[in-house]
Amino acid sequence: GENVEQHPSTLSVQEGDSAVIKCTYSDSASNYFPWYKQELGKRPQLIIDIRSNVGEKKDQRIAVTLNKTAKHFSLHITETQPEDSAVYFCAASRANSGYSTLTFGKGTMLLVSP
Amino acid sequence: EAGVAQSPRYKIIEKRQSVAFWCNPISGHATLYWYQQILGQGPKLLIQFQNNGVVDDSQLPKDRFSAERLKGVDSTLKIQPAKLEDSAVYLCASSLAGGAGKGTQYFGPGTRLLVL
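Chains A and B, in that order, give the protein sequences.
The first sequence begins at 1 in this note's numbering and counts up by one.
The second sequence begins at 1 in this note's numbering and counts up by one.
No wet-lab data here; the hints were simulated from the structure.
Note that CB positions come from ideal geometry on N, CA and C, so glycine has one too.
Hints should not be assumed to be uniformly reliable.
Over 10 angstroms on every C-beta distance to chain B, these chain A residues come out as not near it, computed from the model [stated by the list, open to error]:
#: 1; residue: 17
#: 2; residue: 59
#: 3; residue: 62
#: 4; residue: 68
#: 5; residue: 70
#: 6; residue: 81
Derived lysine to any residue pairs resembling SDA-like cross-links, with alpha carbons at most 25 angstroms apart [claimed, not checked]:
#: 7; chain 1: A; residue 1: 58; chain 2: B; residue 2: 106
#: 8; chain 1: B; residue 1: 44; chain 2: A; residue 2: 49
#: 9; chain 1: B; residue 1: 44; chain 2: A; residue 2: 8
#: 10; chain 1: A; residue 1: 42; chain 2: B; residue 2: 36
#: 11; chain 1: B; residue 1: 44; chain 2: A; residue 2: 79
#: 12; chain 1: A; residue 1: 106; chain 2: B; residue 2: 28
#: 13; chain 1: A; residue 1: 57; chain 2: B; residue 2: 19
#: 14; chain 1: A; residue 1: 42; chain 2: B; residue 2: 19
#: 15; chain 1: B; residue 1: 44; chain 2: A; residue 2: 24
#: 16; chain 1: A; residue 1: 22; chain 2: B; residue 2: 36
#: 17; chain 1: A; residue 1: 42; chain 2: B; residue 2: 13
#: 18; chain 1: A; residue 1: 42; chain 2: B; residue 2: 116
#: 19; chain 1: B; residue 1: 44; chain 2: A; residue 2: 109
#: 20; chain 1: A; residue 1: 106; chain 2: B; residue 2: 40
#: 21; chain 1: B; residue 1: 44; chain 2: A; residue 2: 2
#: 22; chain 1: A; residue 1: 42; chain 2: B; residue 2: 26
#: 23; chain 1: A; residue 1: 42; chain 2: B; residue 2: 12
#: 24; chain 1: A; residue 1: 106; chain 2: B; residue 2: 38
#: 25; chain 1: A; residue 1: 42; chain 2: B; residue 2: 28
#: 26; chain 1: A; residue 1: 106; chain 2: B; residue 2: 45
#: 27; chain 1: A; residue 1: 42; chain 2: B; residue 2: 40
#: 28; chain 1: B; residue 1: 62; chain 2: A; residue 2: 1
#: 29; chain 1: A; residue 1: 22; chain 2: B; residue 2: 40
#: 30; chain 1: A; residue 1: 22; chain 2: B; residue 2: 104
#: 31; chain 1: A; residue 1: 22; chain 2: B; residue 2: 45
#: 32; chain 1: A; residue 1: 42; chain 2: B; residue 2: 84
#: 33; chain 1: A; residue 1: 42; chain 2: A; residue 2: 10
#: 34; chain 1: A; residue 1: 22; chain 2: A; residue 2: 49
#: 35; chain 1: A; residue 1: 71; chain 2: B; residue 2: 44
#: 36; chain 1: B; residue 1: 44; chain 2: A; residue 2: 47
#: 37; chain 1: B; residue 1: 62; chain 2: B; residue 2: 81
#: 38; chain 1: A; residue 1: 106; chain 2: B; residue 2: 44
Could you put the whole structure together from the sequences, leaning on the hints where they help?
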């Protein structure tokens, strides 16, 4: 089955700095890669996703890059703000017979200090 | 649009007792998922339904866990008997349909289970 590794497990930055979280996956057939943000005690919420037919996607201060050859994808947050503090999870999915099963990484706790 | 609803939000039981969780997905979402999230880890899929049929239950501990979605809408996850290691947050999610691009999953608030 799919295995997703996520690094680092914790990341501390100063407000205004950039943050990068990296994930690798094992199944070369995976073709959908979402990122979820989970604030303490709350539900995971989708913040951005990318499909295997593109290499990069941006949404304001958030961007995701995908390297299919290396089976590696990353989340980039620019101009970080204290409200970006949360746990971020990457995931990988392989659409199969009309459904997709997400495999999550273990998460990165991001702390943005004012 | 109403989100995924779950109840109860919190549950404390003793080991060997039974417990049940309920989930109502977003209206019109055919696919429903139950995840287990242990503290400090990412969600782990337990079972996935497409309408009222199971499409993946490979990681469901079937000796103690069961789930059903009889009418293809809401779903119930049961643990019987519970063990200490079942302490976790149980998340329900739903998506419009399966497949990359249509399978964006929306999560409920979760049920926090503590087994003593």
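Status of each hint after checking the structure:
Distance check for residue 17 (chain A) against chain B: the nearest CB is about 25 angstroms away, which clears 10 angstroms, and the non-interface claim stands. With a closest Cβ-Cβ approach of about 14 angstroms to chain B, residue 59 (chain A) is found to remain outside the 10 angstroms limit, as its non-interface label requires. Non-interface status of residue 62 (chain A) relative to chain B is upheld: no Cβ of that chain comes within 10 angstroms, the nearest being about 16 angstroms off. Against the 10 angstroms criterion, residue 68 (chain A) stays outside the reach of chain B, whose nearest CB is about 14 angstroms from its own CB.
Residue-level check passed: residue 70 (chain A) sits 20 angstroms from the nearest beta carbon of chain B, beyond 10 angstroms. The beta carbon of residue 81 (chain A) sits about 23 angstroms from the closest Cβ of chain B, which is more than 10 angstroms, so the claim that it is off the interface holds. In summary, the hint linking residue 58 (chain A) to residue 106 (chain B) is supported, as the alpha carbons are separated by about 21 angstroms, within the 25 angstroms threshold. Taking the CA atoms of residue 44 (chain B) and residue 49 (chain A), the gap is near 19 angstroms; set against the 25 angstroms cutoff, the hint holds.
Distance restraint check for residue 44 (chain B) and residue 8 (chain A): the Cα-Cα separation of roughly 19 angstroms lies within the 25 angstroms cut-off, and the hinted pair is therefore satisfied. With a CA separation close to 14 angstroms, the supplied pair residue 42 (chain A) and residue 36 (chain B) stays within the 25 angstroms bound. Annotation: proposed proximity of residue 44 (chain B) to residue 79 (chain A) is violated, straight-line Cα distance about 31 angstroms (limit 25 angstroms). For the hint linking residue 106 (chain A) to residue 28 (chain B), the alpha-carbon distance of about 30 angstroms lies beyond 25 angstroms, and the restraint is violated.
Using a Cα cut-off of 25 angstroms, the hinted pair residue 57 (chain A) and residue 19 (chain B) is violated, with the two alpha carbons roughly 42 angstroms apart. At most 25 angstroms may separate the alpha-carbon atoms for a hinted pair to count; residue 42 (chain A) and residue 19 (chain B) meet this at roughly 22 angstroms. Proposed proximity of residue 44 (chain B) and residue 24 (chain A) is supported: the alpha carbons are some 17 angstroms apart, at most 25 angstroms. For the suggested pair residue 22 (chain A) and residue 36 (chain B), the alpha carbons sit about 23 angstroms apart, so the restraint of at most 25 angstroms is met.
Pair hint residue 42 (chain A) plus residue 13 (chain B) holds up; C-alpha atoms about 22 angstroms apart against a cutoff of 25 angstroms. Distance restraint check for residue 42 (chain A) and residue 116 (chain B): the Cα-Cα separation of roughly 23 angstroms lies within the 25 angstroms cut-off, and the hinted pair is therefore satisfied. Using a Cα cut-off of 25 angstroms, the hinted pair residue 44 (chain B) and residue 109 (chain A) holds, with the two alpha carbons roughly 18 angstroms apart. At roughly 7 angstroms between alpha-carbon atoms, residue 106 (chain A) and residue 40 (chain B) fall within 25 angstroms of each other, so this suggested pair holds.
For the suggested pair residue 44 (chain B) and residue 2 (chain A), the alpha carbons sit about 12 angstroms apart, so the restraint of at most 25 angstroms is met. Restraint check: the Cα-Cα separation between residue 42 (chain A) and residue 26 (chain B) comes to about 18 angstroms, which is no more than 25 angstroms; the hinted pair holds. The suggested pairing of residue 42 (chain A) with residue 12 (chain B) holds, with an alpha-carbon distance near 19 angstroms, which does not exceed 25 angstroms. Restraint check for residue 106 (chain A) and residue 38 (chain B): satisfied, since their Cα atoms lie roughly 10 angstroms apart, inside the 25 angstroms limit.
Under the criterion of a C-alpha separation no larger than 25 angstroms, the hint pairing residue 42 (chain A) with residue 28 (chain B) is consistent with the structure, at around 24 angstroms. Using a Cα cut-off of 25 angstroms, the hinted pair residue 106 (chain A) and residue 45 (chain B) holds, with the two alpha carbons roughly 13 angstroms apart. Among the hinted pairs, residue 42 (chain A) with residue 40 (chain B) is consistent with the structure: their alpha-carbon atoms are about 14 angstroms apart, no more than 25 angstroms. About 19 angstroms separates the Cα atoms of residue 62 (chain B) and residue 1 (chain A), which keeps this hinted pair within 25 angstroms; it holds.
Between residue 22 (chain A) and residue 40 (chain B) the alpha-carbon distance is near 18 angstroms, which keeps this suggested pair within the 25 angstroms criterion. Taking the CA atoms of residue 22 (chain A) and residue 104 (chain B), the gap is near 21 angstroms; set against the 25 angstroms cutoff, the hint holds. With a C-alpha separation of about 22 angstroms, the suggested pair residue 22 (chain A) and residue 45 (chain B) falls inside the 25 angstroms cut-off, and the hint holds. Of the supplied pair hints, the one linking residue 42 (chain A) and residue 84 (chain B) holds, its CA atoms being roughly 23 angstroms apart against a limit of 25 angstroms.
A threshold of 25 angstroms between alpha carbons decides the hint, and for residue 42 (chain A) with residue 10 (chain A) the separation of about 19 angstroms falls inside it, so the pair holds. For the hint pairing residue 22 (chain A) with residue 49 (chain A), the CA-to-CA distance comes to about 14 angstroms; that is within 25 angstroms, so the pair holds. For the hint pairing residue 71 (chain A) with residue 44 (chain B), the CA-to-CA distance comes to about 21 angstroms; that is within 25 angstroms, so the pair holds. Restraint check for residue 44 (chain B) and residue 47 (chain A): the C-alpha separation of about 19 angstroms stays at or below 25 angstroms, so the hint holds.
This hinted pair checks out: residue 62 (chain B) and residue 81 (chain B) have alpha carbons roughly 11 angstroms apart, not beyond 25 angstroms. Of the pairs offered as hints, the one joining residue 106 (chain A) and residue 44 (chain B) holds, with about 10 angstroms between alpha carbons and a cut-off of 25 angstroms not exceeded.
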